[in-house]
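Novice: Can you join these two chains into the complex? Each is in its own frame, and there are hints to help.
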Amino acid sequence: MGRTIHAISLRDEIGGIGAIWYREWKVFLREKSRIVASIVNPILWLLVFGGGLGRNVSIPGTEYQAFIFPGILAQAVLFSSIFFGVYIVWDRKIDFLKEVLVAPISRTAVFIGKVIGGATDSMVQSLILLGLGAGLGAAGIIPGLHPRLLPFAAALPILAVTTASLVSVGLIIGAMMESPEGFQLVSSFLLFPTFFLSGALFPLDRLPAWLTPLVLIDPLTYSVDALRHVILDNAHFPLGLDLGVMAGFLAIVVWMGSFAFRRMKV
Amino acid sequence: MAIIELDHVTKQFDDLTAVDGVTLEIVDGEFFGLLGPNGAGKTTTLLMLTTLLRPTSGTARVNGFDLVRQPRQVRNAIGIVFQDPSSDDTLTGYENLKLHGMLYHMPVALREQRIRDVLALVDLTDRKDGIVKHYSGGMRRRLELARGLMHRPKVLFLDEPTLGLDPQSREHIWTYVEPLVAEEKITVVLTTHYMEEADRLCARLAIIDHGRIVALDSPAHLKRVLGGDTITLGVRAPNLDAVTALGLVDKIDRQDAVVKLTVRDAKACLQHILQAVGPVDWVEVHPVTLDDVFMHYTGHEMRDASEEGGWAERSMRYRSATR
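Residue numbers (the working numbering), protein chains in the order written: chain A, 1 to 266; chain B, 1001 to 1323.
Next comes chain B alone, as it looks inside the complex (with noise of 0.2 Å):
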């Protein structure tokens, strides 16, 4: 069952079409990604799917929602975790758990025990009355997570969720998610120009470029069209014929030293390659990853000029002002 569709929808800024017809049916419990380099349109579909923008136009709707019609069913069927910061730094974690929970008309006992909930699910409530200001970047994430999943909607927007954190807490983050996400049997829709991450977590996703879906399916099946791994080796004297009846390589490219082959997955074959090869001086792994992906549909690469400004910046201005 669809809980997200998308029916042609567009969004025009003055000159600008940020989002480009895009149709797109998102399941019922699915973990979906929007990838796609920064300015691809896929904050613009967020902010469109959670009410916050109005589409110039087309349909959708959420949860069986109409997002123009009835926001306000929308907005209970979802949560969000923003870009940049949306936790008051002035308040404690507490209090902004609080004041969601009255945002959302929970009923206070209700209220009380989901925070108790989400805040020792994302390991928080040691902190729950620190200020948030003096909270690590990382932990002020995991709040807002948790405050995403605490009126339990049925679908999560995640927009950028680790973008300008280190790489520890980035993981730190999709091991709080990922669990979360199963426990809670919802649907995750998330936002990323980080290939790696993308591909780990989505059942499925969309490449967005220039506003339009460019190709839409399972990491696995979006790499298969590639054809799969390369292993590039440096061989004088290939037996060729061995690598052959190995039956692992889909494709052999010689020009002379160097033998390109294509295989299904370089991981399992690579020891039987070497050993029918015959002596090789070096040999290069390349998996194929979404990026190449990206770079089949769209003729381009990411250009990943990640402007990190927003939540790098600001989670170090908030942890130097703490020493």
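Bound conformation, chain A alone (with noise of 0.2 Å):
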């Protein structure tokens, strides 16, 4: 259907994609259970197995509650951003997904619109476990965590990059599942490899040589080590390779993104 490119401004684009953005950005006001269930999991790994295993591990460089802060902002992202792409999946399952589709802008417009309106819930996510986590740090609670600013605050770009990503692949599932169910499998099936074999909780050096390609064959691997080298300067690869990483993992996804899009059945 996108064969009347000349046809389409880039003004309504982005009107398109505000309007995308507008309706998520409400629906996320309304359901404040959303961002409440999202940021208590985090919490418990960091307090009660970051805590409890952290009297009894060490990392070098910091203590390991520290050392999993990044890891555990990472998988709260994976998380939220993932099962973004089930609202997709409701919209088909009543006819608001045609409202949206039959009108006057392209499906690439509605992808990027889908993508910043879940990207944007999960940096609220993100803010709130920053602002916790320099809580708790300054509180001696989170050992080894001193909130400074200028990391802090390098680490939102790292995550919005990240979460950019993972609503993209979300939204690539959802445009190809039926049932919210279906969803479901497919995208734990997806969630729990890409946690643990991201590196979220253990240091890269020294893995068995097993676990290396599948770690890095991993890309919330580079976006975890991306937010320990701002918030921690403990980090494995160059920060130049994180970025490029998660840079063309972005580029990949959002590509698809749009064309399962195009794709997608009403």
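Think of the hints as simulated: they come from the structure by calculation, not from any bench. Virtual Cβ for every residue (Gly too), placed ideally from N, Cα, C. Check the hints yourself; a few may be wrong.
[What the hints assert, rightly or not] So the derived list for chain B, only partly shown, Cβ under 7 Å to chain A, looks like this:
#, residue
1, Asp-1084
2, Thr-1090
3, His-1272
[As the list claims (entries may be wrong)] Covered stretches of chain B (chain A as the covering partner; in silico rule of three or more C-beta atoms under 8 Å from a C-beta of chain A):
#, stretch
4, 1045-1054
5, 1072-1083
6, 1091-1103
Specialist: Structure, rendered in structure tokens:
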């Protein structure tokens, strides 16, 4: 349906993206339980898992609880971003998706609007978690996490690129799934390996040989590493490599996502 | 002038031909009906005309634009009320309309003006800030109708807009639609399997069965094909000469004490016939309906397996959620 490119004005496309974003933002504001749910789990990981294990584990250069903080940020973004894709399945269950797809905007604009909408949700969540982390660090509840404005602020663009990629992945799954149950199944199949292999909970040095390639092909690995760079100054890869991989991954999934949306059945 | 032209449009799904070589012209300003049972191809036709499905073969134009090559121009020219609820039930009525205005690139001032206008048209001004989840099924339909009209489309598609609504809400919807259509001077394409609705509202209609148009004309003309209404009388000694002498009856069938008369308009001549025919035991008047027309053309009845699950179930759920 995209053969009349010449008739599409950029202004209309941006307006369309803004419309989709407006809707996602309104829904987000109205469903406050979403945000509460997305905060509780990371806190449990940080305090219970990190606190419990941290007494018995030592990581070179930093305390364990502080060490997993960037990983837990990435995990929170991973889960909320991927799960955002399920809303497209719900949109299709009622005819709301048709209302959007029949509007005079391109499917790419619909996709981009959804990505920005989902990323906005995750960034609100990230801001809260960064604030909580700073507070808990300052209070000594997460030993070794030193709240400093610039490193924490530098985490935001890293998280933004990460969530944009992962929302895209969630939307690609959502575009292909007929039912919320199917989405749940496929996404949980993806979520846990992505989380565990990303090195969110362990350092990347001295991994078993069989594990290394799996860790290296996990795109989240590089987000976690980049976050460790800026927040802890304690990372495995050069920052440039992390950012390069993240940008490449974003480009690929955005391209795939707009393709999936163009192919999506109503 | 034709605002919608279909030329041998076919839509194939795997081994099912949902729409089978439909050729049709719909005139500008017309209230046009697509009538047929579930699964006849009405909704598939509508999804193609609204650019959501691509025809397998054939060409079609809406407002002069080709469906496949100029979908954006087509979309700008059309408004749709879908069969299932298509408003976001976490948003308010106003927010749904605002979203629509944004999707259609309406300037802010015009958008706000049109939101006020269409809300007033469907009597939802007071409820505009209520969350759609708390609307009744009928209110939600009215909101979606308002939304479909908001960007001043040339053609409004209504896909079973009253499906699953109770009779009162159905009636309510039409009391809004009829004057609206006259006021906004737009072409309406209605799909329905409610014969009475099609009969009352449509200037012309296409009866569609198994993906093909089997009849196409005004409801009055379609019914005329069947000869007219029938009056059946239980009468032991009918004075058929007197009845014939009235000049009102087209056809007389007598089987013993049962006389079957075919007339143009039963209402107008029943009194005269009763006076002429003599003492009657009973009378049965059967005005010809589109059901009869459908039967005539297809050889079977509208299998009214109305799967009203969609709307009815959902609006019930929404309503019960508010209590």
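Novice: Hints first: check each against the structure and report whether it holds.
Specialist: Cross-check of the supplied hints:
Because the beta carbon of Asp-1084 (chain B) sits about 4 Å from the nearest beta carbon in chain A, less than 7 Å, this interface hint is met. Because the beta carbon of Thr-1090 (chain B) sits about 5 Å from the nearest beta carbon in chain A, less than 7 Å, this interface hint is met. Here the hint on His-1272 (chain B) is broken, as its CB sits about 52 Å from the closest CB of chain A, past 7 Å. Using a Cβ-Cβ cut-off of 8 Å, 6 residues of the stretch 1045-1054 of chain B lie near chain A, which meets the minimum of three, so the contact claim holds.
Remark: the stretch 1072-1083 of chain B is confirmed as covered by chain A, as 8 of its residues place a Cβ nearer than 8 Å to a Cβ of that chain, reaching the required three. Look at the stretch 1091-1103 of chain B against chain A: 7 of its residues bring a Cβ nearer than 8 Å to a Cβ of that chain, three or more, so the hint holds.
Violation of the numbered hints given earlier is confined to hint 3; every other hint is satisfied by the structure.
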